[in-house]
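Residue numbering for the sequence shown follows the working numbering, beginning at 467 and increasing consecutively.
Any given hint might turn out to be false.
[Unchecked claim] Simulated restraints, written as ranges between beta carbons of each label pair: (1) 505 with 555: 39 to 45 Å; (2) 562 with 482: 27 to 33 Å; (3) 501 with 594: 42 to 48 Å; (4) 521 with 543: 30 to 36 Å; (5) 565 with 478: 38 to 44 Å; (6) 496 with 572: 36 to 42 Å; (7) 496 with 560: 19 to 25 Å.
It should be emphasised that the hints constitute simulated quantities derived from the structure, not laboratory data.
Idealized CB from N, CA, C, for every residue including glycine.
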Amino acid sequence: MSTTRQSSIDNQTLATRGFGTLAIALAANFALGWAVLSQDLVASTEFFRYPAIGVWTLLGIGGATVVYWGLTQRSATPDQTFVLVAAVVLVLSFLPDIGLALTADSVTTSEAIGLMILHVPPAVVAVLALPETPLGR
467 MSTTRQSSID NQTLATRGFG TLAIALAANF ALGWAVLSQD LVASTEFFRY
517 PAIGVWTLLG IGGATVVYWG LTQRSATPDQ TFVLVAAVVL VLSFLPDIGL
567 ALTADSVTTS EAIGLMILHV PPAVVAVLAL PETPLGR
């Protein structure tokens, strides 16, 4: 059984999907950030700020795009594998925020939860927009 895919995704197609995914994820996270900050739902804002929201969203979507490209080069089922990897990475991405809440005196529980919530929209957008078949179906 071969583990390589018959035809990998065209780089231009993946770049277009990646930029589209980034635009949607940034819009979702900035809207979510605005809602949380405007309603004072987080008790502190040491880490919950717009520049950080943008940078971390960019890094997350950039990483997801590179991972998906790598899977199209090496996996017989890149879409399904990507969805699985994205789910695992989403859960693991909560650990630093939990660590901040436990170790940094200035980080409140509400801020840590707010930061964790910001991980969800980019993950959802990535599994819907990057693969050939949304959600790897």
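Assessment of proposed distance window 38 to 44 Å (beta carbons of residue 565, residue 478):
39 Å, holds
Quiz item: Cβ-Cβ distance between residue 562 and residue 482: within 27 to 33 Å?
Solution: 31 Å, holds
Can you tell me whether the CB distance of residue 496 to residue 560 sits inside 19 to 25 Å? Distance hint for residue 496, residue 560 holds at roughly 21 Å.
When you take the CB atoms of residue 505 and residue 555, is the distance between them in 39 to 45 Å? Violated, since residue 505 and residue 555 (Cβ atoms, about 29 Å apart) do not stay within the stated range.
Note to self: Taking the Cβ atom of residue 521 and the Cβ atom of residue 543, is their distance within the range 30 to 36 Å?
What the structure shows: Given a distance of about 32 Å, which is inside 30 to 36 Å, the answer is holds.
For residue 501 and residue 594, compare the CB-CB distance with the range 42 to 48 Å and indicate the outcome. 21 Å, violated
Query raised in the report: Are residue 496 and residue 572 spaced within 36 to 42 Å by their CB atoms?
Result: Violated, at about 23 Å.
Of the numbered hints listed earlier, those contradicted by the structure are 1, 3 and 6.
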